[in-house]
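K.L.:
Residue strings, one per chain:
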Amino acid sequence: MKILGKSSLSSKVLVGLYGLFALITLIDIGVISIIFKTIRDILNNNGLEAWFDFVLFTIVIFTGLMALFIIVQFMKIFQNLKNNVLFCKENTKSLSNVSYSCLFMAVLYFIISILILCMLQKLTQEFVFYILTFSITFTILFFIFGIGIKILNEIYKKAIEYKEENDYTI
Amino acid sequence: MAIIVNVDVMLAKRKMSSGELAEKVGITPANLSILKTNKAKAIRFSTLDKICEVLDCKPGDILDYQK
Chain A
78 MKILGKSSLS SKVLVGLYGL FALITLIDIG VISIIFKTIR DILNNNGLEA
128 WFDFVLFTIV IFTGLMALFI IVQFMKIFQN LKNNVLFCKE NTKSLSNVSY
178 SCLFMAVLYF IISILILCML QKLTQEFVFY ILTFSITFTI LFFIFGIGIK
228 ILNEIYKKAI EYKEENDYTI
Chain B
1467 MAIIVNVDVM LAKRKMSSGE LAEKVGITPA NLSILKTNKA KAIRFSTLDK
1517 ICEVLDCKPG DILDYQK
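Residue numbers (my numbering), protein chains in the order written: chain A, 78 to 247; chain B, 1467 to 1533.
Treat the hints with care, since some could be wrong.
[Said to hold, decoys possible] No more than 20 angstroms apart at the CA atoms, straight line, and that leaves these computed lysine-lysine pairs for PhoX-like:
| # | chain 1 | residue 1 | chain 2 | residue 2 |
| --- | --- | --- | --- | --- |
| 1 | B | LYS1502 | B | LYS1533 |
| 2 | B | LYS1524 | B | LYS1479 |
| 3 | A | LYS240 | B | LYS1505 |
| 4 | A | LYS166 | B | LYS1505 |
| 5 | A | LYS166 | A | LYS234 |
| 6 | A | LYS235 | A | LYS166 |
| 7 | A | LYS89 | A | LYS159 |
| 8 | A | LYS240 | B | LYS1507 |
| 9 | B | LYS1502 | B | LYS1516 |
| 10 | A | LYS159 | A | LYS79 |
| 11 | B | LYS1502 | B | LYS1524 |
| 12 | B | LYS1507 | A | LYS235 |
| 13 | B | LYS1507 | B | LYS1533 |
| 14 | B | LYS1507 | A | LYS234 |
| 15 | A | LYS170 | A | LYS235 |
| 16 | A | LYS170 | A | LYS234 |
| 17 | A | LYS153 | A | LYS170 |
| 18 | A | LYS166 | B | LYS1502 |
[Claimed, not checked] In silico negatives: residues of chain A with every beta carbon more than 10 angstroms from chain B:
| # | residue |
| --- | --- |
| 19 | LEU91 |
| 20 | LYS235 |
| 21 | ILE247 |
Don't read these hints as lab results, they were simulated from the structure. Ideal placement from N, C-alpha and C gives every residue a C-beta, glycine not left out.
If we strip away everything but chain B, and leave its shape as in the complex, we get (with noise of 0.2 angstroms):
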């Protein structure tokens, strides 16, 4: 899949490890850790927007697409 997800590049700018993420999105490890690696389907605009808002940023700041 072209989409590429940067969550991990968002983690360590703001110095948060992915456990953190996870307790606050609400989300368990091993969902974020599908969504760290490309493996996800599809993501929900709620945890998208908890994503975002967590951690403080723009969803084209996490999603990215490459040709």
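Just chain A, same shape as in the assembly (with noise of 0.2 angstroms):
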């Protein structure tokens, strides 16, 4: 199978990336009819758990456009796999942005899971378990992702550096 060039994986994984952007941006859109009902919850002083939704599905919504924006990054690097541009700096930068938004969404979730923890009582026992495992797996997830697109980064850097190298020997 054809990875790379027109009409090959690469473009495959493109039309695929934009369904997801469009699939996120529906969520976000549906977390914030909830966040306006939390508002609306608030100013009828609904008490804590009421300012504990808002923050909470605010934090949803960052998340969601965090992945939006790595959703983007990946758009620009396969559609220059899809050009066939493998190694330039351009791919670099987007592989950076998607490593320090891993690690911003990896801070997010576990902002997510203390907040959960603190409202621990206030909270029915099914609730917390789902989202709690969902929060730290999340959290170690994209710590993990995170680091990994790092290094993997700094090897495509190095590959650049070759290829130039390679290019300007006479």
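Mind docking these for me? Both chains are given alone in their own frames, and the hints should help you get the complex.
P.N.:
This is the structure:
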């Protein structure tokens, strides 16, 4: 199977990324409507739980925005792969952005975990179990992804350096 | 980099054009331009050997070192 160039695997992945972008945007819009509901609850003096929901869903929105940003960076990389531009500095910049975004996402999910732990007594046991497992897993996953992509980026940078050296060897 | 390539000086001395040298050495004019403008990161011994052969000179005539 052709991996690089037009009508290859990378171009199909690009289409998938467009779909994922649309899906996350829709989810984010849904979460925004929930945030409006929590604001209404806060205004109706529904107490600490409404504030908790507000902060939690605001962070979720941020994670959604970060996810969109990561997808855009991957779109740039796959667009370059589709155009057979493999070793360019633009790709390293995109990978660097992805790694920092992943680390930021890890921090956001860590904050969510802390928030849930703080509200432990206020929430139902089942809710705590699912969302805590989810947020801790995502914290670890995004941390590993962030570090992993940073290392891959350094390898990619070295590859570009070697390519340039090769190109400029007469 | 402190290494200076003086190919154009030798070309002027031998009254030879860049295109002619590139053709005789077997490199592209673009690569010869990279060499002349000191953008090259390295030069193969085989290329240096060919340039010296075509220009009838020594490597020291083409390459110079300036601090």
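K.L.:
Now tell me if each hint is right for this structure.
P.N.:
Each hint tested on the structure:
no.: 1; hint: LYS1502/B / LYS1533/B; result: holds (19 angstroms)
no.: 2; hint: LYS1524/B / LYS1479/B; result: holds (14 angstroms)
no.: 3; hint: LYS240/A / LYS1505/B; result: holds (14 angstroms)
no.: 4; hint: LYS166/A / LYS1505/B; result: holds (18 angstroms)
no.: 5; hint: LYS166/A / LYS234/A; result: holds (8 angstroms)
no.: 6; hint: LYS235/A / LYS166/A; result: holds (11 angstroms)
no.: 7; hint: LYS89/A / LYS159/A; result: holds (9 angstroms)
no.: 8; hint: LYS240/A / LYS1507/B; result: holds (11 angstroms)
no.: 9; hint: LYS1502/B / LYS1516/B; result: holds (15 angstroms)
no.: 10; hint: LYS159/A / LYS79/A; result: holds (11 angstroms)
no.: 11; hint: LYS1502/B / LYS1524/B; result: holds (17 angstroms)
no.: 12; hint: LYS1507/B / LYS235/A; result: holds (15 angstroms)
no.: 13; hint: LYS1507/B / LYS1533/B; result: holds (18 angstroms)
no.: 14; hint: LYS1507/B / LYS234/A; result: holds (17 angstroms)
no.: 15; hint: LYS170/A / LYS235/A; result: holds (13 angstroms)
no.: 16; hint: LYS170/A / LYS234/A; result: holds (10 angstroms)
no.: 17; hint: LYS153/A / LYS170/A; result: holds (10 angstroms)
no.: 18; hint: LYS166/A / LYS1502/B; result: violated (25 angstroms)
no.: 19; hint: LEU91; result: holds (32 angstroms)
no.: 20; hint: LYS235; result: holds (15 angstroms)
no.: 21; hint: ILE247; result: violated (5 angstroms)
Figure legend: structure checked against the earlier numbered hints; hints not met, in rising order: 18, 21.
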